[in-house]
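Asks: Single-letter residue listing:
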Amino acid sequence: MSKLFEIALGVITGIGGFLEAGSLTTAAQAGAAFGYQLIWAIAVGTVCIAFLVEMAGRLAAVSRHALPDAMRERFGIRFFLLPLAAVALVSFLVLASEIGGVTLALEFATGISHRWWAIPTALSIWLLLWKGTFGMVEKGTSMLGLVTLAFVVAALTLHPHPAEVARGLVPRGPTHDAARYWFTAVSIVGASVSPYLFYFYSAGAVEDQWDEGYLTINRITAGVGMTFGGAVAVAALVCAALVLHPQGIQVDRFEQIPFLLTSPLARAGFWLFVGALFIACFGAALEIALQLAYLVAQGFGWRWGENLQPREAARFALVYTVVIPLAALVILSGIDPLKLTVISMALTALSLPVTVVPLLILMNDPQYLNEHTNGWVSNVAVLAVSAIACLVALVALPLEILGS
Amino acid sequence: MTPPSGVRLERLLGRLVRDHLGVSVGRIEDVVAEPAGDAYRVTHVLVGPDGRLAQLFAAGYQLPTLRALGLGRKPRIRRLPWSWLELSDPDRPRLRAEVA
Amino acid sequence: MLIGRDILDQQVVDRAGRLMGKVDGVVLGPPEGEDARIAGIVIGGTTLLWRIHRGLARWAERKLGGEGRATFVPWAKVTKIGIDIKVDVDAPRTRAFHWENWVRDHLIGRIPGA
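Chains as they are written, first to last, in my numbering: chain Z, 4 to 407; chain P, -10 to 89; chain D, 67 to 180.
If you are wondering where the hints come from, they were derived from the structure by calculation, not from laboratory data. C-beta atoms are modelled at their ideal positions from N, C-alpha and C, and glycine is treated no differently. Do not take every clue at face value.
[What the hints assert, rightly or not] As a list, the in silico EDC-like pairs of lysine to aspartate or glutamate whose alpha-carbon atoms are at most 16 Å apart: (1) K146/D - E23/P; (2) K152/D - D72/D; (3) K6/Z - D214/Z; (4) K143/D - D27/P; (5) K146/D - D27/P; (6) K142/Z - D211/Z; (7) K146/D - D72/D; (8) K63/P - D39/P; (9) K134/Z - E315/Z; (10) K6/Z - E215/Z; (11) K63/P - D368/Z; (12) K63/P - E18/P.
[To be verified] Reference excerpt, derived from the structure (chain Z facing chain P, CB under 7 Å, subset only): (13) L363; (14) I364; (15) N367; (16) N382; (17) V383; (18) L386.
[As the list claims (entries may be wrong)] Chain P regions said to be covered by chain D (calculated; three or more residues, Cβ under 8 Å): (19) -6 to 1; (20) 10 to 23; (21) 26 to 40; (22) 68 to 82.
Based on the provided sequences and hints, a complete structural model is requested.
Replies: Written out as structure tokens, the structure reads:
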């Protein structure tokens, strides 16, 4: 019974935790600009992150190492510093995006400019990490995150044609605006395959003391959880496709995104949107800040643990205590949260080979995984997506920056 | 306790080993130690390829997918007795003349 | 056993199960010949810098007049080599915990609710 409960919890975490600033924004932009055409990008990203999350969990369960710990050991400090820097930088930008998302939700709710909300938001995030336990963060985020199912409800009330939606699953080239199409596709993949997702999952597996008995739970959680999560992102895209696309409205200002829910669900939709945006981004911010602390502490062998009092793991606590206000400063500085989010997603895609290949090497090392090393499907799928996403980002990112 | 004097393994890794004539033999990959009572005796040094290309292929070798694509080659690693090493200058390890 | 693969960069755990740091360095002594042995492991200090950038390490040691707060654990104190390296030492009493204690006393500990 307990194992069934764990699976249910894991799946709920996948659903509730999937949508955040990046996946919501990129899905909205994709739906508004290209209708159903980019659903395949969400599918590709979802499949890739499902594989990566499963791997991170398997690594923790079999080797009893968290990912940064195993990476330092396997590659030595020199070749650990590169992925460390890449993941840290990308995660920091995404953290700032999530804080931006929370502040936007508060601006929608109160009318007070989002920049004023940066500091209170940062303080709340920090306080929850300071006083909370890992279980609180993990379960609270996933349970409350179920409010993002509002997008599924809204999408259904808009009566999409299942056949047309299904056609969007087939990868194809753009019918117009190629540069924007590929940039959006790559941002979607970056949003889905954010490193913080599988790093945090790995830390969680160690905090929860998984062992080899958890391998099946891990596979189900990763597969089913991520798939359902991806479905929520598709729902957001469908909303944008049916609400904004027919009117030719592109999402280039954040004020346009609430329409996704207000159009089908009227007043209730507005408050559901505010709630969903707030919870999804707040939860993601908690996870990313924690993940950054794990990354540094585990890489350098310091005491770590969210269940410990801060004074018992002082350097670990210092990392998130420093990183959260710095990320808030980015929002305070007035950078457009929408642009920040979209660029962070593209940068994530660009950095995928650096952040993903070390994990792949570990997953093929019998010293860490014994007989549970990767099959060829996981290897090829993840390697292919990372390589292609990086190459496309290499071309699309400069074009987008030059274009705007 | 402050560290005593002695050769630091971590500073040896990756360093180029030359023979007594100055010809490059390869780079130090790792060091083998065997238990001897309570202590561990250092017995061998593993020397791998010198060239950057060979190192790149060795890295590619670690991923089965890249191996299958021909982008990885198993590096040639030589196992030399530790006593062959002369470490008067730890930054420039050399093989003793008698060994040639 | 390969020292680089199995000892270097591994997690060090003290006698009470506390995480003490990573093995940043391994001392071989006497270093040469038939009698070469592992003398012990080094945690912290400038040790790590030597593998990142030697020039930086040399500069740091000049400034600090030594290896900083590097902690040496003699091999005799190493009790187990496996997933972690277990050592028969009290981590908070060593210099390996110097920065952890400093951050606790001067930064984190000063914030209410720590």
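Asks: Against this structure, judge whether each hint is valid.
Replies: Results of checking the hints against the structure:
| no. | hint | result |
| --- | --- | --- |
| 1 | K146/D - E23/P | 15 Å, holds |
| 2 | K152/D - D72/D | 13 Å, holds |
| 3 | K6/Z - D214/Z | 13 Å, holds |
| 4 | K143/D - D27/P | 10 Å, holds |
| 5 | K146/D - D27/P | 12 Å, holds |
| 6 | K142/Z - D211/Z | 12 Å, holds |
| 7 | K146/D - D72/D | 12 Å, holds |
| 8 | K63/P - D39/P | 14 Å, holds |
| 9 | K134/Z - E315/Z | 13 Å, holds |
| 10 | K6/Z - E215/Z | 13 Å, holds |
| 11 | K63/P - D368/Z | 15 Å, holds |
| 12 | K63/P - E18/P | 14 Å, holds |
| 13 | L363 | 6 Å, holds |
| 14 | I364 | 5 Å, holds |
| 15 | N367 | 6 Å, holds |
| 16 | N382 | 5 Å, holds |
| 17 | V383 | 5 Å, holds |
| 18 | L386 | 5 Å, holds |
| 19 | -6 to 1 | holds (count 7) |
| 20 | 10 to 23 | holds (count 6) |
| 21 | 26 to 40 | holds (count 6) |
| 22 | 68 to 82 | holds (count 6) |
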